[in-house]
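*Asks:* Sequence:
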Amino acid sequence: MIRIWGSVVGKLWVTILLLVSFVLFVFTVLMLEFLSKYHTQQSEALLRQEATTIARVVDDHKSIASTKSIIHDILSDETNAVIADKPGHDLFSLQEGVNSEKIKERIIREKSFNKAFTSSKPIVKEMMLPSSTEKDHVESYIVLAFPLNVEKMEHSVVFIYQSPDAIHRTSKETTKIVFLSAIIAFLLTTFFAFFLSTRITSPLLKIREAAFELAKGHFDKKVPVLQNDEIGQLGIAFNQMGKQLKHHMEVINQEKEQLSSILTSMTDAVITFNSERSIILSNPPADLLLQRWAIKKREEHQLIPNEIYHMLDHVLEMEEVLREELEMEGAYFLISISPLYSGNSVRGAVAVLRDKTEEHRLDKLRSDFIANVSHELRTPIAMLQGYSEAIIDDVVSSEEERNEMIRIIYDESQRMGRLVTDLLDLARMESGNITLYKEVVPITPVFERITQKFVQAAREKHITLTYSSSFDDVTLISLDEDRIEQVLTNLIDNAIRHTREKGIVQVVVDQQQDYARIQVKDNGAGIPKEDIEYVFERFYKADKARTRGKGGTGLGLAITKNIIEAHKGRILVESEVDVGTSFIFYLPLAKVSK
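Quick note on numbering: UniProt numbering labels position 507 of the sequence shown as 507, and the sequence is numbered without any gaps.
I should point out that these hints are in silico values taken from the structure, not numbers from a laboratory. A virtual CB, placed ideally from N, CA and C, is assigned to each residue, including glycine. Hints may be right or wrong, so weigh each one.
[Claimed, not checked] Distance windows between CB atoms, simulated:
no.	residue 1	residue 2	range
1	Ser140	Thr53	55 to 65 angstroms
2	Glu533	Ile279	29 to 39 angstroms
3	Leu384	Gln512	43 to 53 angstroms
4	Arg347	Ala294	19 to 29 angstroms
5	Pro588	Arg402	46 to 56 angstroms
6	Leu30	Asp85	41 to 51 angstroms
7	Gln512	Ala371	31 to 41 angstroms
[To be verified] Listed next, the in silico SDA-like pairs over lysine to any residue satisfying Cα-Cα at most 20 angstroms (straight line):
no.	residue 1	residue 2
8	Lys206	Val225
9	Lys521	Gly569
10	Lys453	Asp480
11	Lys86	Ile70
12	Lys222	Ala211
13	Lys356	Lys438
14	Lys568	Phe536
15	Lys529	Val573
16	Lys364	Arg323
17	Lys364	Glu537
18	Lys102	Pro87
19	Lys222	Ala210
20	Lys111	Met128
21	Lys568	Pro442
22	Lys438	Arg449
23	Lys176	Val29
24	Lys453	Ser469
25	Lys221	Lys246
26	Lys37	Phe25
27	Lys115	Met127
28	Lys102	Asn114
29	Lys221	Gln240
30	Lys256	Leu281
31	Lys104	Glu44
32	Lys206	Asn228
33	Lys364	Leu423
34	Lys11	Phe22
35	Lys176	Val23
36	Lys356	Arg323
37	Lys521	Phe454
38	Lys11	Arg199
39	Lys125	Thr52
Construct all of the structure, not just a fragment, from the sequences and the given hints.
*Replies:* Structure, rendered in structure tokens:
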């Protein structure tokens with residue numbers, strides 16, 4: 001239900017009614033004033049006419065007494081007459097009423113009528129006289145003093161006065177008609193004003209409802225256009241506006257989705273700040289970064305490191321792009337912060353953070369790799385050069401020494417070949433170019449066969465090598481047998497080489513949830529605790545003096561880790577100095593048919 005008084009219909013309706021009411025009020029007042037004057041003028045005209053008739057009658061008859069009945073017939077019911085030949089002296093009186101004598105005395109003694117006795121011009125005056133119907137009441141009368149100017153009654157005046165009842169009755173009737181007309185006009189105006197207001201505002205109400213729907217996001221809402229006036233044109237403009245808004249919102253949503261997709265797919269972290277340094281937008285990489293910072297900064301109640309806050313303050317104050325590479329909390333970031341403008345003022349800034357930690361790590365690995373390769377190749381190359389020069393210069397004194405030098409040159413070349421081969425394998429693995437040729441094979445026989453290859457080597461060093469498995473002989477697993485043999489060979493060989501005489505090396509295969517767990521355990525020298533996390537890095541040696549004499553290149557464990565990870569597994573090490581070392585790797589047990 002529409003509230004009439006608060007709507008456009010009510011306001012327009014009330015405005016029209018007030019305007020028409022004001023016009024009707026002014027018209028009624030002026031009309032009543034006009035009719036009042038008109039009735040007074042008509043009364044005066046009637047009195048003049050009656051006075052003229054009386055003068056003619058008096059002139060035609062010999063005596064006043066003989067004209068009394070005629071004058072009585074001439075006068076109307078509300079009109080009375082008095083004839084006087086001088087002020088205060090009446091000759092003839094024709095009047096009725098309770099105060100007739102008082103009225104007559106007041107009239108003929110009125111000083112303003114004295115001129116009528118000596119002049120030929122009638123005098124009209126409105127006088128307050130006693131009522132002709134009530135004793136103690138005064139009424140307004142119209143009195144006409146009309147000179148007769150006839151031969152036998154020269155200087156005589158006939159006073160004709162009329163009771164106000166006739167004028168009042170006429171005025172009342174006229175007032176009733178005027179008020180009745182005003183009421184009818186008011187009612188008609190009310191009806192037509194309401195009809196006109198409804199007719200005008202009905203399309204506006206529909207436009208208002210459509211505008212509310214438009215505000216809710218229903219851009220397909222249209223208003224019916226049934227007329228070709230200004231309101232119709234407004235409806236057409238509204239429909240066009242809705243169409244344009246729908247188009248623009250679609251464009252904005254597409255751009256928003258495109259921007260969101262771009263931000264989501266970016267590997268760089270993007271954070272948008274307002275002028276108060278509060279974060280208003282971030283993409284998924286930035287969310288992960290903020291979560292990581294929030295955990296580290298939990299007690300300090302800040303979301304980002306102080307270095308970024310300092311850069312942000314500089315950008316907001318100086319309104320310039322700032323680009324720096326910083327190290328924060330053990331990570332390296334390339335940070336670029338640009339101001340965001342709203343007109344001519346800065347409303348915030350956008351920061352793009354690129355994690356350069358991996359690049360720094362790879363650069364360090366690259367430099368370490370070059371240094372390690374140079375270091376590893378320097379000794380065999382020097383030995384090759386030295387012994388070959390000794391042979392060329394014929395420094396050796398016996399054939400036995402020559403053969404020994406040739407054997408050393410051969411061993412060092414073999415070592416260099418293994419080093420180069422391992423480096424190539426590792427490079428291919430780390431670049432993702434490793435190819436696995438998986439086959440479904442039984443677990444126990446495969447690992448037992450590989451272990452048995454080292455039994456004789458262990459015996460020669462007086463070391464006990466054992467194998468145990470919780471799987472039966474028919475349990476299958478999918479793997480690249482050659483690569484896994486390379487892994488197990490490397491681990492068992494390392495265990496034998498670093499275990500003292502009468503030591504024990506164990507290969508244990510069992511199941512851990514959905515994985516096959518393979519453990520290579522020894523009771524050898526062990527690895528220091530501070531070196532455990534680096535054992536799978538290239539060329540890293542916990543004991544820098546022990547490997548060279550034992551034929552290692554320092555790449556075996558790095559290759560082992562890459563092979564295990566290529567099989568979707570993982571490898572770890574547990575060790576204690578002078579107690580022993582356990583290398584444990586897990587391979588997923590795929591669902592294969594037996």
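*Asks:* Lys521 and Phe454: Cα distance at most 20 angstroms?
*Replies:* holds, 14 angstroms
*Asks:* Taking 20 angstroms as the top limit, are the C-alpha atoms of Lys37 and Phe25 close enough?
*Replies:* holds, 18 angstroms
*Asks:* Does Thr52 lie within 20 angstroms of Lys125 when you go C-alpha to C-alpha?
*Replies:* holds, 17 angstroms
*Asks:* Going straight from one Cα to the other, do Lys176 and Val23 come out at no more than 20 angstroms?
*Replies:* holds, 18 angstroms
*Asks:* Would you check the hint for Lys568 and Pro442, treating anything up to 20 angstroms between C-alpha atoms as holding?
*Replies:* holds, 19 angstroms
*Asks:* Taking the Cβ atom of Ser140 and the Cβ atom of Thr53, is their distance within the range 55 to 65 angstroms?
*Replies:* At roughly 25 angstroms between Cβ atoms, Thr53 and Ser140 fall outside 55 to 65 angstroms, so the hint is violated.
*Asks:* When you check the alpha-carbon spacing of Lys364 and Arg323, does it fall within 20 angstroms?
*Replies:* violated, 23 angstroms
*Asks:* Are the Cα atoms of Lys222 and Ala210 separated by 20 angstroms or less?
*Replies:* holds, 7 angstroms
*Asks:* Check the hint pairing Lys568 with Phe536 against an upper bound of 20 angstroms on the C-alpha distance.
*Replies:* holds, 17 angstroms
*Asks:* Between Lys521 and Gly569, does the CA-CA distance stay at or below 20 angstroms?
*Replies:* Judged against 20 angstroms, a Cα distance of about 19 angstroms means the pair holds.
*Asks:* Starting from the hint 19 to 29 angstroms, judge whether the C-beta atoms of Arg347 and Ala294 obey it.
*Replies:* Distance hint for Arg347, Ala294 holds at roughly 25 angstroms.
*Asks:* Take a quick look at whether Lys102 and Pro87 sit within 20 angstroms of each other, Cα to Cα.
*Replies:* Answer holds: Lys102 to Pro87 is near 15 angstroms, not above 20 angstroms.
The structure does not agree with the numbered hints 1, 11, 13 and 16 stated previously, though it agrees with the rest.
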